[in-house]
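Protein chains: 2
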Amino acid sequence: MFEFTLTARNGHARAGVFTTPHGDLLTPVFAPVGTQATVKTLTPEQLKDINATLVLSNTYHLYLRPGDELVRNMGGLHKFMQWPRPILTDSGGFQVFSLSDSRTVDDEGVTFKSHIDGSTHRFTPEKSIAIQEHLGADIIMAFDECSDPNDHAYTELAMERTHRWAERSLRAQTRSDQALFGIVQGGVSPDLREESAKFISSLNTPGIAIGGLSVGETKQEMHTMLDVMASHLPESRPRYLMGVGTPEDLINGVARGIDMFDCVLPTRLARHHSAFAPEGRLNLMNASFTRDQSPIDDGCDCYTCRTFTRAYLRHLIVAKELLAGTLISIHNLRALIRLMEQIRYLIENGTFEAQIPELLVLWSNNAKRINHEG
Amino acid sequence: MFEFTLTARNGHARAGVFTTPHGDLLTPVFAPVGTQATVKTLTPEQLKDINATLVLSNTYHLYLRPGDELVRNMGGLHKFMQWPRPILTDSGGFQVFSLSDSRTVDDEGVTFKSHIDGSTHRFTPEKSIAIQEHLGADIIMAFDECSDPNDHAYTELAMERTHRWAERSLRAQTRSDQALFGIVQGGVSPDLREESAKFISSLNTPGIAIGGLSVGETKQEMHTMLDVMASHLPESRPRYLMGVGTPEDLINGVARGIDMFDCVLPTRLARHHSAFAPEGRLNLMNASFTRDQSPIDDGCDCYTCRTFTRAYLRHLIVAKELLAGTLISIHNLRALIRLMEQIRYLIENGTFEAQIPELLVLWSNNAKRINHEG
Numbered sequence: 001m002f003e004f005t006l007t008a009r010n011g012h013a014r015a016g017v018f019t020t021p022h023g024d025l026l027t028p029v030f031a032p033v034g035t036q037a038t039v040k041t042l043t044p045e046q047l048k049d050i051n052a053t054l055v056l057s058n059t060y061h062l063y064l065r066p067g068d069e070l071v072r073n074m075g076g077l078h079k080f081m082q083w084p085r086p087i088l089t090d091s092g093g094f095q096v097f098s099l100s101d102s103r104t105v106d107d108e109g110v111t112f113k114s115h116i117d118g119s120t121h122r123f124t125p126e127k128s129i130a131i132q133e134h135l136g137a138d139i140i141m142a143f144d145e146c147s148d149p150n151d152h153a154y155t156e157l158a159m160e161r162t163h164r165w166a167e168r169s170l171r172a173q174t175r176s177d178q179a180l181f182g183i184v185q186g187g188v189s190p191d192l193r194e195e196s197a198k199f200i201s202s203l204n205t206p207g208i209a210i211g212g213l214s215v216g217e218t219k220q221e222m223h224t225m226l227d228v229m230a231s232h233l234p235e236s237r238p239r240y241l242m243g244v245g246t247p248e249d250l251i252n253g254v255a256r257g258i259d260m261f262d263c264v265l266p267t268r269l270a271r272h273h274s275a276f277a278p279e280g281r282l283n284l285m286n287a288s289f290t291r292d293q294s295p296i297d298d299g300c301d302c303y304t305c306r307t308f309t310r311a312y313l314r315h316l317i318v319a320k321e322l323l324a325g326t327l328i329s330i331h332n333l334r335a336l337i338r339l340m341e342q343i344r345y346l347i348e349n350g351t352f353e354a355q356i357p358e359l360l361v362l363w364s365n366n367a368k369r370i371n372h373e374g
Numbered sequence: 001m002f003e004f005t006l007t008a009r010n011g012h013a014r015a016g017v018f019t020t021p022h023g024d025l026l027t028p029v030f031a032p033v034g035t036q037a038t039v040k041t042l043t044p045e046q047l048k049d050i051n052a053t054l055v056l057s058n059t060y061h062l063y064l065r066p067g068d069e070l071v072r073n074m075g076g077l078h079k080f081m082q083w084p085r086p087i088l089t090d091s092g093g094f095q096v097f098s099l100s101d102s103r104t105v106d107d108e109g110v111t112f113k114s115h116i117d118g119s120t121h122r123f124t125p126e127k128s129i130a131i132q133e134h135l136g137a138d139i140i141m142a143f144d145e146c147s148d149p150n151d152h153a154y155t156e157l158a159m160e161r162t163h164r165w166a167e168r169s170l171r172a173q174t175r176s177d178q179a180l181f182g183i184v185q186g187g188v189s190p191d192l193r194e195e196s197a198k199f200i201s202s203l204n205t206p207g208i209a210i211g212g213l214s215v216g217e218t219k220q221e222m223h224t225m226l227d228v229m230a231s232h233l234p235e236s237r238p239r240y241l242m243g244v245g246t247p248e249d250l251i252n253g254v255a256r257g258i259d260m261f262d263c264v265l266p267t268r269l270a271r272h273h274s275a276f277a278p279e280g281r282l283n284l285m286n287a288s289f290t291r292d293q294s295p296i297d298d299g300c301d302c303y304t305c306r307t308f309t310r311a312y313l314r315h316l317i318v319a320k321e322l323l324a325g326t327l328i329s330i331h332n333l334r335a336l337i338r339l340m341e342q343i344r345y346l347i348e349n350g351t352f353e354a355q356i357p358e359l360l361v362l363w364s365n366n367a368k369r370i371n372h373e374g
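Protein chains in written order, with the working numbering: chain R, 1 to 374; chain P, 1 to 374.
It is worth saying that the hints were derived from the structure and are not from the lab.
Keep in mind that the hints are not guaranteed to be accurate.
Which copy is meant is left open, because identical chains are indistinguishable; a pair holds if it fits in one copy or across any two.
[As the list claims (entries may be wrong)] Distance condition first, Cα-Cα at most 30 Å in a straight line; then the derived DSS-like pairs of lysine-lysine:
1. K113 x K320
2. K48 x K113
3. K79 x K219
4. K219 x K127
5. K48 x K198
6. K127 x K320
7. K219 x K320
8. K79 x K320
9. K320 x K198
10. K127 x K79
11. K79 x K198
All figures in this text were calculated on a predicted structure; none of them were measured in a lab.
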């Protein structure tokens, strides 16, 4: 059911097709994040318009609200949120470690308190898989522990626990229509990353996720870890770099053999009035845009750029109109999805690797906020 | 440029076509309110999808933010907000009297303080028309004074001032591509309403607005005023009942010869999770909708009803997701626009008057909130 076909390679970069019950994913792919069964402020129609294919949703959030059994009773996540294309759910592990009010980890699982109402809950690998089977995404994740990468000793323990939990997750799986990915951990330690990549690869899951990056390490550390893992991961299966990232991270990740990405960045930036633009990331509330009749990016094909001026977007922001967040989200997501479409095209033409420096320069301005005062 | 053609009558109800520079308006028509150059949370695409034709925008708000000269420099309101169909602006009078921090009225105009920053401004009939000419709507309003309907003596003074201001508004007009409507005032006094209807009619404006209703008077008082005015207003020009209303108000208004309406009700209700439904106005946050797999109204053709369950909408509300407001706004606006389309059809078939009692029963449940506990 879950075939991954590589259609082109260029250096370490790959273009492929991953088949799922809800359609083919062309890789490399960037997945918008729909934390609570909605990509914030956007309708599924608007997501289709920007050619989104894969959408990520969060197991931790949906378990707490509205509850995974409710979603199952409503016909599963695709039907509930009316997204007919592929969906990926994470394992809940990352949110338990980053969002919950308190938590205690043991070999069996994690007990934590809800960030919503303080109620006590427990996740185990078996529970995480059961929840994800209720939700019914096409791609699901093994339960893992994400640790502080600066604590090498604990990172090793957490990695070993993640490996045992991956085996338990696989044993717990009862549905054959969901691709369960194992997750490589190991912090910023090359030896742990190598060990984890080998172990997770040995499980023969239909895809492999890479966790524990983009959590505070340097870009150089992230790149080193990606390089270390690349040689130990099977070529024949898709590689998913979780929670990443910025436009530069996407370019650098694809260059190191990554096929799938997700990140809240484009929608979170949008809600803070920040837009990806050719001259760099723009804060559209800035007074310099008061009379700016150009779109955010006149090379962009999204509804927002085809329709509205920066002056109008700034007016909406200043007037506290929610439509601003919707329109900028459409653009920011389309910008990253278009970047991935462009990269895929370059890989298929064999010119991606040669153009990496140019792409990085083109997008480097979007790493920092440009000051548009005056 | 502004022809009004009556295509059918049924009792006092009328169906017609009002030609404007941005297309024909089929009347009776309900106009969504786009206070700050946006119908809250909706894109123009979504407004077109629900067959909105006329959109109202507020002179007071746009004058303060982003400023009418900016809108003019951006090519006018149609281009700025990208609404290609007809737009109507009010005169700013009502907001000055209801929203501004303080105000002093004299025969020349009104001095008021901005509700945004407390800055002092002055509107006169000439200023209101100049602002509305900068904004560039198809239909604009004479500057008027809306008074407390319970103060008969002051209401008479305010009406007389409104008449003088209507004459000054007409003299101030320089653009021929905007239909300037005079506004009838007179509170809840039959004699003042008759006098005002006669006076405003004598000005031969291409349409006539009715102000000062739906401001606290009883439904019976509103109906009496509409009946009094009807016989003194020219048949040949469209009649616009400002700021009205509820579904029942629309039915009762059309039955008394009204052709145009606007109201914030559908979008305001939506932001408070309240939806027009066959069984009455629903508070979709209610726990009874937790597992409700039906749409808001399975007879409705809007995107929301074609796509989403009440259970999903409730989840979005409970999870504080802004998409809830967007989706319910789409439905509530479509419900009133569809009601007007239905009424127009019935007028053209000569069956509206006979069906008024049935329509009122059908919509009566939406006047009150139905308790869906349990």
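So, going through the hints one by one against the coordinates:
With identical chains, the CA atoms of K113 and K320 are at most 30 Å apart between copies only, with a shortest distance of 20 Å across copies and 34 Å within one. In this assembly of identical chains, the alpha carbons of K48 and K113 never lie at most 30 Å apart, being 36 Å within a copy and 46 Å across copies at closest. In this homomeric assembly, K79 and K219 never come within 30 Å of each other (Cα to Cα): the closest approach is 38 Å inside a single copy and 44 Å across copies. For a Cα distance limit of 30 Å, the shortest separation of K219 from K127 qualifies neither inside one copy, at 34 Å, nor across copies, at 58 Å.
Taking the shortest Cα distances, K48 and K198 never come within 30 Å of each other, neither inside one copy (37 Å) nor across copies (55 Å). Proximity of K127 and K320 under a CA criterion of 30 Å is satisfied inter-copy only: 26 Å between copies versus 42 Å inside one chain copy. Taking the closest pair of Cα atoms, K219 and K320 never come within 30 Å of each other, the shortest separation being 35 Å inside a single copy and 34 Å across copies. Proximity of K79 and K320 under a CA criterion of 30 Å is satisfied inter-copy only: 20 Å between copies versus 33 Å inside one chain copy.
Taking CA atoms no more than 30 Å apart as the test, K320 paired with K198 passes in neither setting, with 51 Å inside one copy and 42 Å between copies. In this assembly of identical chains, K127 and K79 lie within 30 Å of each other by CA distance solely inside one copy; the values are 22 Å within and 54 Å between copies. Within a single copy, K79 and K198 get their C-alpha atoms no closer than 37 Å, and across copies no closer than 59 Å, so neither meets the 30 Å cut-off.
The structure is inconsistent with the numbered hints 2, 3, 4, 5, 7, 9, 11, although it conforms to all the rest.
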